[in-house]
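All chains should be built: construct the whole structure from the sequences, respecting the hints.
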Amino acid sequence: MAVCVAVIAKENYPLYIRSVPTENELKFHYMVHTSLDVVDEKISAMGKALVDQRELYLGLLYPTEDYKVYGYVTNSKVKFVMVVDSSNPALRDNEIRSMFRKLHNSYTDVMCNPFYNPGDRIQSRAFDSMVTSMMIQVC
Amino acid sequence: MDSNIAHTVGLWSYATEKLKALGYLCGLVSEKGPDSEDLNRTVDLLAGLGAERPETANTAQSPYKKLKEALSSVEAFEKHYLDLSHATIEMYTSIGRIRSAKFVGKDLAEFYMRKKSPQKAESYLQGALKNYLAEGWALPITHTQKQLAECQKHLGQIENYLQTSSLLAGDHHLTEEERTYFCQEILNFASQHTDSPGHKVVLPMHSFAHLRDLRFTPANAVVHVGGILSVEITVCSQMPIPVRVEQITISVHFSVEKNSYRKTAEWLTKHKTSNGIISFPAETLPFPASQNSLPALELYEMFERSPSDNSLNTTGIICKNVHMLLRRQESGAALDSPSGVALEDGPHVLQCGDVTLAPGANTVTFRTQAKEPGTYTLRQLCASAGPVCFVLPHLYPLAQYDVYSQEPQLHVEPLADSLLAGIPQKVKFTVTTGHYTVKNGDSLQLSNVEAMPVLCHAENRAVIYSNAREKASEASLRVQSSDKVTSISLPAVPAYHVIEFELEVLSLPSAPATAGESSALGVTEAQRKHKDTPKAGHCMATTDHKVSIECPWSIYSTVIALTFSMPFRTTHALLSSGTRKYIQVCVQNLSDLDFRLSDSALADVGGSADLQLRPLNLESQQHICSRQSVFFVWELTWTREPPPPLHARFSVGFRPASQERLTVSLKPYTYEFQVENFFTLYNVRAEILPPAGMELCRTGALCALEVAITRLSDLLEVDRDEALTESDEHFSTKLMYEVVDNSSNWAVCGKSSGVISMPVVPQATHRVHMEVMPLFAGYLPLPDIRLFKYLPHHSAHSSQLDADSWIENDSLSVDKHVDDQLDSSSIKSRGSVHSAASSEHKGLPMPRLQALPPGQVFNSSAGMQILVIPSKDDHVLEVSVT
Numbered sequence: 001m002a003v004c005v006a007v008i009a010k011e012n013y014p015l016y017i018r019s020v021p022t023e024n025e026l027k028f029h030y031m032v033h034t035s036l037d038v039v040d041e042k043i044s045a046m047g048k049a050l051v052d053q054r055e056l057y058l059g060l061l062y063p064t065e066d067y068k069v070y071g072y073v074t075n076s077k078v079k080f081v082m083v084v085d086s087s088n089p090a091l092r093d094n095e096i097r098s099m100f101r102k103l104h105n106s107y108t109d110v111m112c113n114p115f116y117n118p119g120d121r122i123q124s125r126a127f128d129s130m131v132t133s134m135m136i137q138v139c
Numbered sequence: 001m002d003s004n005i006a007h008t009v010g011l012w013s014y015a016t017e018k019l020k021a022l023g024y025l026c027g028l029v030s031e032k033g034p035d036s037e038d039l040n041r042t043v044d045l046l047a048g049l050g051a052e053r054p055e056t057a058n059t060a061q062s063p064y065k066k067l068k069e070a071l072s073s074v075e076a077f078e079k080h081y082l083d084l085s086h087a088t089i090e091m092y093t094s095i096g097r098i099r100s101a102k103f104v105g106k107d108l109a110e111f112y113m114r115k116k117s118p119q120k121a122e123s124y125l126q127g128a129l130k131n132y133l134a135e136g137w138a139l140p141i142t143h144t145q146k147q148l149a150e151c152q153k154h155l156g157q158i159e160n161y162l163q164t165s166s167l168l169a170g171d172h173h174l175t176e177e178e179r180t181y182f183c184q185e186i187l188n189f190a191s192q193h194t195d196s197p198g199h200k201v202v203l204p205m206h207s208f209a210h211l212r213d214l215r216f217t218p219a220n221a222v223v224h225v226g227g228i229l230s231v232e233i234t235v236c237s238q239m240p241i242p243v244r245v246e247q248i249t250i251s252v253h254f255s256v257e258k259n260s261y262r263k264t265a266e267w268l269t270k271h272k273t274s275n276g277i278i279s280f281p282a283e284t285l286p287f288p289a290s291q292n293s294l295p296a297l298e299l300y301e302m303f304e305r306s307p308s309d310n311s312l313n314t315t316g317i318i319c320k321n322v323h324m325l326l327r328r329q330e331s332g333a334a335l336d337s338p339s340g341v342a343l344e345d346g347p348h349v350l351q352c353g354d355v356t357l358a359p360g361a362n363t364v365t366f367r368t369q370a371k372e373p374g375t376y377t378l379r380q381l382c383a384s385a386g387p388v389c390f391v392l393p394h395l396y397p398l399a400q401y402d403v404y405s406q407e408p409q410l411h412v413e414p415l416a417d418s419l420l421a422g423i424p425q426k427v428k429f430t431v432t433t434g435h436y437t438v439k440n441g442d443s444l445q446l447s448n449v450e451a452m453p454v455l456c457h458a459e460n461r462a463v464i465y466s467n468a469r470e471k472a473s474e475a476s477l478r479v480q481s482s483d484k485v486t487s488i489s490l491p492a493v494p495a496y497h498v499i500e501f502e503l504e505v506l507s508l509p510s511a512p513a514t515a516g517e518s519s520a521l522g523v524t525e526a527q528r529k530h531k532d533t534p535k536a537g538h539c540m541a542t543t544d545h546k547v548s549i550e551c552p553w554s555i556y557s558t559v560i561a562l563t564f565s566m567p568f569r570t571t572h573a574l575l576s577s578g579t580r581k582y583i584q585v586c587v588q589n590l591s592d593l594d595f596r597l598s599d600s601a602l603a604d605v606g607g608s609a610d611l612q613l614r615p616l617n618l619e620s621q622q623h624i625c626s627r628q629s630v631f632f633v634w635e636l637t638w639t640r641e642p643p644p645p646l647h648a649r650f651s652v653g654f655r656p657a658s659q660e661r662l663t664v665s666l667k668p669y670t671y672e673f674q675v676e677n678f679f680t681l682y683n684v685r686a687e688i689l690p691p692a693g694m695e696l697c698r699t700g701a702l703c704a705l706e707v708a709i710t711r712l713s714d715l716l717e718v719d720r721d722e723a724l725t726e727s728d729e730h731f732s733t734k735l736m737y738e739v740v741d742n743s744s745n746w747a748v749c750g751k752s753s754g755v756i757s758m759p760v761v762p763q764a765t766h767r768v769h770m771e772v773m774p775l776f777a778g779y780l781p782l783p784d785i786r787l788f789k790y791l792p793h794h795s796a797h798s799s800q801l802d803a804d805s806w807i808e809n810d811s812l813s814v815d816k817h818v819d820d821q822l823d824s825s826s827i828k829s830r831g832s833v834h835s836a837a838s839s840e841h842k843g844l845p846m847p848r849l850q851a852l853p854p855g856q857v858f859n860s861s862a863g864m865q866i867l868v869i870p871s872k873d874d875h876v877l878e879v880s881v882t
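Same order as they appear, the protein sequences are chains A and B.
Mapping the first sequence onto UniProt numbering, position 50 (from 1) lands on 50, and the numbers just tick up by one.
Mapping the second sequence onto UniProt numbering, position 180 (from 1) lands on 180, and the numbers just tick up by one.
Each computed DSS-like pair below joins lysine-lysine, with the alpha-carbon atoms no more than 27 Å apart:
hint, chain 1, residue 1, chain 2, residue 2
1, A, 10, A, 68
2, B, 79, B, 65
3, B, 18, B, 79
4, B, 116, B, 79
5, A, 10, B, 130
6, B, 18, A, 68
7, B, 116, A, 27
8, B, 153, A, 27
9, B, 439, B, 484
10, A, 102, A, 77
11, A, 68, A, 102
12, B, 130, A, 27
13, B, 120, B, 146
14, B, 667, B, 426
15, B, 18, B, 68
16, B, 66, B, 116
17, B, 146, A, 27
18, B, 546, B, 428
19, B, 426, B, 546
20, B, 116, B, 18
21, A, 42, A, 10
22, B, 18, B, 120
23, A, 77, B, 130
24, B, 65, B, 18
25, B, 116, B, 68
26, A, 42, B, 130
27, B, 115, B, 65
28, A, 27, A, 42
29, B, 18, A, 27
30, B, 115, B, 130
31, A, 27, B, 115
32, A, 27, B, 120
33, A, 42, A, 68
For the record, the hints were derived by calculation from the structure and aren't laboratory data.
Below, the structure written as structure tokens:
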């Protein structure tokens, strides 16, 4: 259902970015990149609240004609950005949330790997397969 | 209004996008303007717009009107589009969404590019690129760089264009054709401008290729002046196609450290690491820049050794650039494209021309011949094709090589561990030519030492090694010996080679070895010193010979000292049997070599006819192994009594046992000694009688010991000393006897020593009786009986003497007061060996004892043994039971 999934590090460079191969990857890269603006805005807006009350799920960042961009931020300022097809009406907020939760769990697993240096690109096969499962359901 | 921007800006950007799309569709942005098809489409679109809605129809600038206007003409479209774009960008910037602003700016730049005004586009593209570089997004970077490349090309910014092209050519996100295209662009430019000697385009190398490692040959990067050094570098080319490079240059910085031992040949060859490969750290990605801004950790091992015995105390790892790592990171620093790289030019370069770098790893070898001694540091690596130079400005970690210049040297050392005197010994000469080239006719001149001739053989061979200890060749030497000088002609040898050859030398004994401690004999000759070191333990006596050699490379002559050790140590002893005398000479071989001794002879140097020596050795040749002793015995006979003292010289010929045949005749080894006072004067005989009524002695029972001291000869010269007294034409001398049992077999009871007055007439006998008790059973040797010359002194305090020393049992009486008549000065003559009473009394003159020379007293009962049987047959045995 997702068309593009990206994991952005705290310094705003992509740790993992993958999109459905049929589309122009560059377009998604730009889209995710510009969505970081909105993410930063939302984080800074929420930042005045206490840490406990901060929610991880950011919700819809901005809509475009064809796509919707959703965001999620972890406590360590790692951001997940997901681009979904607008044409799919069946997607609800809850489903998006669950997808983000899955992403977060997989990401935590990647971080737990002692051979993984934080800041490197994510090259884990388990993570890849999880993202593939999220994207495959397009068809 | 401003507060709502965040909510409305999305619409604005949407509108901009849509307008752009429409414009492109209607051909309003193309180069030539709308063609007929586009115009048709425009008309259709406008028609499809329909009528304006009534609400907005009255306003002057309603969106409907704007759109219509925009679509109607190229200029209008441009105006409206630019308005929208700028407004959007401003709005984004004001709310802080920089990335979105940059993204819209990119669109605008694309528009400008199509409108053929690349200079306006450039700023937008640069801005966007900076953003993407800072955040490390690879695909956007590549795409933006592509756009920027085109922009720069149109602008004619050659250097920037080439720089971007090289970055793109090495970028793996592009397809092969695209990369090849950009690479070709660079090559085309390079080939076009080879003729014009215009200024060079200097570009950083990291986009073109990167240096992986560097290797020196020889591996320790130390070479002598004139030697060949080769540097091999591995360069990984990131270009998609093979690139022909006209020249690859490494510029080298030369420095000379004066007065530094660390740069001399010996230190360098010992201390430089043998692994000559220097690896350069892999080129980290230029993005994300924030990750890259931390320099690599420089870690070094650290060892701490204890000063006393150099054992390891602690070891650890130190990071040397902590201050760099912990420096506060300035935001946005050093993210710009690298500032212009300066091309270094200097007199020292390593060059390699006409190299084709294929994609991937390439090996390039540089060769140089070292000229001046010093340290050379490799600084910059530059690959140039035409006017384009790719420069790696600073090679890190440091790659250095050292060139040294060595002085010629001569070493002379023995071939074996030590040199032995008296036999031909081989000495090895090593000539290190250093920077000096040995020409034909150069020779070493040794000044001859008389006591150490150099043995010349017909044919001498020298071996020549190269600097790396590889055998290069052999040559023949000519050794010519004249009266004062031995000349060794050297073969012609280039610089930095080693010549080795051997010569045989022989150290002649200049004087025969003498018995006992010998003082240093100083022979005053300028080049010859003769030292006999006193023998400590069983070390060989050594002789030093100094030879002065003149070398052709220096005006100063080298002085070589060679130490020869005497392989033999000789002692002599006088043996007696009754009145017959024997001389025993012991030759001890202290060296590791076996020798053969022959023609041993003992001759009387004094030349008196009264002494004869009869050899008792039957073997004419003796084999003496290493560390073995050989004894020679002669019987000494005399025709005149008393016999004169003997000055004897012992000589024996020797040669090494391994050589059957000698090339040169060797002088015999001689040893001189003197024997005096060997004529037997007194005969001592002891007898132990079992107690009365018993056949044999028993332990614990007192037995009688009778000692008979017999004078054998008349008055002799040796008797004339203070002990001699004269009365009524009879001479008598004073002797002291002492019975001591050191092996605790006997307990001497009663008086064990005493002074007797011995008349100086032949066969005068003095008998002494005492009692002894055997302590053990068995065959016991007799207790020792010693005789001393008693030199009395006038002493009023005769009570200082031990009470024991007064005679009680003697059959002759002694006059106590004879002491007073003697001179007190006799105390100061040569030292006495034994003193009866404590000699620590100060100022009071004491009688002295003087040991009789060993030849003068013969103990005829020396080897006797007395059988003692145990006293009781039963023994008490203690048994304890617990």
